[in-house]
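All chains, full assembly: derive it from the sequences and hints.
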Amino acid sequence: MTGVSALEPEFLGDSSAGAWVFNRDGSPMVRSEWWYHRATQLWFKVQRHTGTDQIVGVELARTNEESG
Amino acid sequence: MSLRLLKYAFIEDYAEPRYFNTPDTLNDTYDVVIIGAGGHGLACAYYLARDHGISNVAVLEKGYIGGGNTGRNTTIIRSNYMTPEGVLFYDAGLKLFRDLSCELDINIFYSERGHYTLAHSDSTLRTARWRAEVNKHLGVASELVGEEHIARACPELHTDCGGNQPILGALYHAPGAVARHDAVAWGYARKASQAGVEIHQKTEVVGIETRAGRVESVITNRGRIHTDTVLSAVAGHTPGVLKMLGLESPIEIYPLQACVTEPIKPWLDTIIVSGSMHLYISQSSRGEMVMGASLDPMELHSHRSTFEFVSSLCDQVLDLFPFLSEVKINRQWAGMVDMTPDFAPIMGTTPVDGFFLDAGWGTWGFKATPISGKTMANTIATGRNDELITAFNLSRFEGFHLVGEKGAASVGH
Amino acid sequence: MASRLPPQPGEWIDRGTSINFSFEGKGYRAFKGDVITSALLAADRLSIGRSFKYHRLRGVLSAANHDANLLVETTTRTNIRADIEHPEPGVSYRAVNTFGGLKRDAGSLLQLFSSVLPVGFYYKTFYRPRALFPIWEKLLRRFAGLGAVNTDAPIRRWSRRNRFCDVLVIGGGAAGLAAARTLAGRSLEVIVVDENPRLGGRLHYQGQGDPTALSVIAAAEESFGRDSGIEVLTAHFAAGFYADNSVPLVGPDGIIQVQAKCVIFATGLYEQPAVFRNNDLPGIMLASGVQRLVHRYAIAPFDSAVVLAGNREAYRVTLDLVQAGLNITTIVDMGDGSHGELRERVNGHGITVIPQATVISARARGGRLAAIRLRTETGKPEITCDGLLMSVGWAPAAGLAYQAGATMEFDETIGQLVPRELPSGLFVAGSLNGVFDDDALRADGEAAASDALKCLGLVSPDNLRPRRSIERHSHPYPIAAHSRGWDFVDFDEDVQVGDLRTAWREGFDSAELMKRYATVGMGPSQGKTANMNAQRILARLNETSVQAAGVTTSRPFTHPVPMGMLAGRRFRPRWRTPMHACHVARQADLMEAGTWLRPRSYTRKTPESAITDEYARVRHGVGIIDVSTLGKIELFGADALPLLEYAYTCSFTKLGTGMTRYIFMVDDTGTLVDDGVAARVSDDHFYVTATSSHAQAAVLKLQLYAVQLGLDVAVIDRTFRVGAINLAGPLSAQVLASLTGLDLSAQAFPYLGIRFCQLDGTPVRLLRVGFVGELGYEIHFPASYGPALWRALLNAGAAHDIRPFGVDAQRLLRLEKGHLIVGQDTDGTTNPYEAGLGWGVNLSKSRFVGRHSLKVLKTQTARKLVGFTCSEPEGRMIEECHLVIEGGVIAGRVTSVAYSPYCSEVIGLMMVDLALTRTGRELKVKLTDGGLAAVRVAKTPFYDPDNQRQHLHAQQTVNTAK
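These protein sequences, in sequence, are chains A, B and C.
Just so it is clear: in the first sequence, position 16 is 29 by the working numbering, and no numbers are missing.
Just so it is clear: in the second sequence, position 298 is 303 by the working numbering, and no numbers are missing.
Just so it is clear: in the third sequence, position 291 is 279 by the working numbering, and no numbers are missing.
It is worth saying that the hints were derived from the structure and are not from the lab.
Don't take every hint at face value.
Unchecked claim - Straight-line alpha carbon distances no greater than 25 Å define the calculated DSS-like cross-link-like pairs of lysine-lysine that follow:
#1 B/LYS411 / C/LYS126
#2 B/LYS411 / C/LYS843
#3 B/LYS270 / C/LYS126
As the list claims (entries may be wrong) - Stretch-level coverage of chain A by chain C, calculated; a stretch enters the list once three of its residues show a Cβ under 8 Å from a Cβ in chain C:
#4 30 to 36
#5 48 to 57
All residues carry an ideal CB built from backbone N, CA and C; glycine is no exception.
Structure, rendered in C-alpha cells:
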C-alpha cells in the first residue's frame, strides 16, 4: 500500500488550486513516496526512481512514541 | 479468393509495394511534425492529408511503426462510456472503425462480438445501468441484462464465479468489437505514405524549441526540423515531451499488462469484462485467449512484466472459466499508459501555440485511434479544437471542469 | 524405419514396466520413462503432428521442449507436448488441429492453395464487401487455434510456494553442475534447476563416445548431498525473470517462486535447423534431437541417415551415433570438411564426407523422408535416406538473461550471440557464454560460481574464465531458399523464406515489424528454433550484420505455463461480523458488501413485504441492525484534535466531551470519499466511524496524516475488534433501559451524546445517533460479546416485538430521512456542495485536506443532490441511475429511489443540474423502456423534517427498570 499525496499546504502562493492539485512533471525521476507496512501499521518514506523502479532511499518517520 | 492474392500465385516473386516509405533524409522543414508513429499519430497524418490537403508532414518515431501501445493493447473497441462526451466521441470512433478495412485497403479484422461488463454487486449493477441509460439516450446499443442472458450468450461462463461474488447481471454492449491492432497502424501508415507523408522510424525527438510562446522547431537525433506545428501522440511517454516545453499536466505513467495463452480452437465469441474481478478476456483470430487486468499499482515508466499480474489474473479467470486451468499462458507483456485523474484523454490545443496534444489515453487509446486522428487533424488544420474533443482539453484541470468518466472506469478497455 | 535399440548406457527408460496408451485410435506400449514421442517412434510411428497453417505432417525435430511440432490432446487436456510428456496408462491421445484425424486431415488440402495464401494474406482480402467479412471470419475461425479445449474439463489449481536462496543456478548441464559443485559445502543455500527429468544436460546425450561424461554427472550428484546446501530441482523450468531476481520455477507439482541473491544462467543453447525445401518432413531432425532419442529412450529413428554438417559438432554426433549402433552413410559438409582427426575417424567408419555441399530439398514417400537432394561443387545428386540430422548451429537460450537486462553481442567467429553485460549479481556460464569444450564448460561454471561467491561477500579463489571458443559452431547462413517454397523458417507458424522476403519487400524490414507481419516467432515455441534463422535472413535482406538486424524482445515465459499453476490455490478473504451466526440462524438473506457478508433482510430471497415488515417495526416499535461493518477508529494523544481538523472538513472546536457529530472526508480534489461520526471521549481521545467500504482507507489516511504532520497521536483501527448494533425505533429506549442502569433521560443523555455503560454485562459505548429517523442508539462493544448482546437485546425487546432488520430496510428508512449514502448518492467526482453538505465544510479553518479545491468548487457548483417524489404509477418503475432528461438532454440521474410507506408514494434522491433544483419543479425521468415518468423536486427529509422523533420518547422512557 502506498500513497504519494503531498500535504495540503496552508498557502498556495502563485499556483492556482487546480494547478496545485492536478499538474505535475510526470517524467521519470526520483520521487518521494509514502509506503505503508501493513503488519506494523507503519508509514515510511521511500525515494524511488519511477523510471527504473530502483529504491534509492528509505526514511522512517518518527513514531508516535518518539515524537511524544 | 481475391484477385489481389492471385497475383502472388501467378506473378513470379510478387510482392505488393512497400506499405510505408522510409525516407533516408529528414527535410529541413515540414508543415506539421507528428511525434509518434503509433495508430494515433499515423491516423492524424492520414486525415490531415485526406481531409485537409496537408501532406508535407513528418511522423517521427523513435522505435518502429506501431511499436508502442498500438501493438501492446488487447484490441477492444467499444463506446459504452458513462459521460455523454465520452460516448459521443468513442461512438464516432466506432463508426469509423466499421468502414476502416475498406477505407485503408487492409483487413483489420474488425469483428463485432458483443461486450459484456459483468456486475457482481449491487453497486456495479447500478453503474452498469447508469452507463446503459446514458448510452441508450445517445443512441448507442447498451442494455442491462440478467444472468440468464449472459448464460445464453456465453454458456461456458460460470456465473457463480467459483462461489465468489456471483454474477448478478451485466452491461451488454452489442457493438463491442475487436480488431487486429497492428493492421490499423500499418493501414494508416500506408495510406498516409501514399499521400506524401514521410514516416521516419528510429528517429527520436530530443527537444522542441519555441519563441514567444510559439513552436519553432523540433530537434531530433537526426537533426533539427523547422516547423510551427507539432502534435505529440506518444501516450506512455507524454510527460517527457511536455517537459521539453516546460508544460505540466496531471498525466502519470503506469504499466498496463496483458498476456495470451497458446492458441486453442475458438470457443469464446464474446468479450467478457469484469471490473470488480479486474479482468477482461476475448479470443483472438489466431485462437489465443487475450487477457488483461487493471493497471499496476505504482507509477512506473517501464515495460517490465510482473509475475503477480499474471498469477492474479489467472486466479480470477479460473473463477469464470475453470476449464482453462490446464490451458497455458504463452506470453505476457506490458505497455505504459498515460493516466489522468478523470479517466478521460487530454486532447487539442495547449498553452504553447502550435503545440497540440493527443495524450492521456489511459487504458483505452486503441479504440480511439481513428476518431482521435480525425479530430486532431481537424484541430490542427483549423487551429480550433474539434467540437467532439472540447471537453478533453488540458485546461480543464485548472478550472476543475473534469470529465466524469471516473465512476465507471476501473477496467473495461 | 524407427525402432528401439538395445539398452543404452544411462538410458532413462525402465524396460521392466510397460504403459499402454493409445494415439489416434491405435494402441501403443511405452516403457516407464518414455515420452509419448519415443513410445510412438519405438513402434515406427514417425508422423505425430500436423502443422498450424498448412496441416503438414510433422515428426520429431528437437525431441525436447524447443519446438511445438508435436502437440497432442486428450479429452480434458490440450496442447500437450508429446516430446516431453510421459504417456499415462489407458489414456487416449490424438494430434491437435486436424480435420478428420492425423492421417486424413482435410486441412492438408490447404497446401494446394499455398500460393494464394502469402504472408499476411488475411490482411489483403475478405473485407470487401464489408457485409461478407463475418462469413469469412466464421470460416477463418474454424482454422484458428491448435488444440480444442474441453469446456467441461474440471478445474485444477496447483499450490504455489515461495523460496529464498543465495544462488540460483539455472541449467544442470556441464557448466551448471560445475558451478554448483563449487558452491557446495559453503553454507550457502543453492538451488540448481533443470527442465529435464535428470541432471547433465548435453553431458548426458552428447557423450561423444566419452564414458567419463556420465561419471561427471554421477560425481556431481554425489557432491550434492545433505550438507552441501545444494538443492536439485529437476523437471522444473525457470519460466521468467522478474524484478529483484525473482524466478518462478515451474514443475509437475506447481510453481516455486524463488528469490535469489545471485543467479547463474547456465541455460545453454538451442540447436537450430537448416532451411531447405521440405525441411519439415518426418525423419528430418536436429542432431541433438536424435541424440536425445538414442541416449534417453534408446530409439533409433531411422535405418539410414545423412548428417548435414555446418560445424564440427556434426562429426562428433556422427561418431557418437555410430558407436550407439546407428547407420549413418554420409556427411554433407557445408564447409570444406577439413576436420582433421575427426574426419579421419568418420571416414574410418566408412562414412562418405561430401564437402562444400548443402541440402537443397527433401522428398517424402508415405509421409516420411525418402531422399534428399544436394547441391555440391559438381552437381545436384540425390541421396536416398530415411533420416537427416541437422547439425548446423545454435542459438542461445538467452530469454531469461534478456529479461534480466543482459545485453548481447554477435560473435562472428563462433557465429553466436553472447552476453556482453549483465546487471550485478547475475552471471552466465557455459555454452551460453560461447565456451564449448568439456574442460572449458567446467572451468566457466567454476568461474561463474567464484563470481557469485565474491558478489555474496565471500572469499573465493580467482577462477579465471576460460577463453571463448575460437572455432565456428554455427553456420553463418544455413538457409537454402527454394523457389517453390516449403522451406520453413518457423515450424510453429509455417513461415517460409519467401514469406519473410515478401514481408521485407512490403516494408516490414525490422525485426519487430517482420515478426508481427510474418508471425515468425509468435507460436507456442516462441521462436526457439526460428528467430535465429529469421534474424540471419533479415540481416541478409538488409545487407547488414546479424547484430544490426536486431532481435525481438524476450518476454516470459520460457515455456508456456498452465493457468492453474499460475493461479495457485484460491484464497479469498471473507469477513463475517461478530453476530454472523445469529444471522445465519435467523435465515438471513446474506449479501456481499465488499469483503463483508451482511443480512439484506431476515427472509430468504427478500421479498418486498419482508422489507416493509422490518421497516415498520423500526418506525412503530423497535428493531436492531448489525452495523459492525462500520469502520471504527480510536484516536489517542495530545494531537488527536489537530489530526481530525486536518483530515475532515468540519470544525471540531465546538465538539464537547461526551458528544458526537456527523463528519465527512474529501480527497485533495475535493471529492467526497467518506462519512461517519466523530465522538469526543475526552480531551485527547476521540472515537471515529467510517463507511464500511472506506474503513481501511480511512485508517491509513489518518495514520499517514499523523506521520506527515508529525502529530502526537495514535490511530488505532478497531474495525475488527469492535462490533456495533444500531437499536432504533420509538421503543428503543425501553429496550435499553431494561438492560442498563444508565440514566437515559434527555438531560443525562442528550441527542448526539456518547456514554459508557454495561448492557447485561457487556461493556459498551452508546452513541445516541441514528440515520433511520427514529430514536436510536448505536451500541459499540468488544466483538466477542456480540452474539450474547444480540440475544440479550432480542430478549429484552421481545415484549415490544423487537425484530432484526437488514440493509434493505435500513436503506428505505435512511432514504425517508433524506440521508445520502456516500458511493451511491455520490460518485467519483461529487463534492460536498453538490451533495448538499456545504454546511459541514469550514473553509475558515487554516488547513485541511481538500481546502484549496473546495474553495474553488464552492463557487462553481453546477449540480445538486435533491429529493424527489412521484405519485404516478410509473414511479414504481424508476430505478437507481435512471436519467433525468430536460429538453432532450441528460440533466441528472436518480441516485436512490424507493416506495415510501410513510409518504405513500415513490421518493428518491437525484443529482441534477442546479437550474432544475427548485422545490416543486416537475422533471422527467427516463425509464428503462424509454418511457418518461414525471417526478417533482421535493424537500428532504421526507420523514420527520424537524427531527422530533429523536426526542419523542426520551422523556417518558426515563428508566422504567430502575
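Verification of the hints:
1. B/LYS411 / C/LYS126: Violated - the C-alpha atoms of C/LYS126 and B/LYS411 are around 37 Å apart, more than 25 Å.
2. B/LYS411 / C/LYS843: Given pair B/LYS411, C/LYS843 holds - Cα atoms ~22 Å apart, limit 25 Å.
3. B/LYS270 / C/LYS126: 12 Å, holds
4. 30 to 36: Coverage by chain C holds for the stretch 30 to 36 of chain A (5 residues, Cβ < 8 Å).
5. 48 to 57: Result for this restraint: holds, n = 3.
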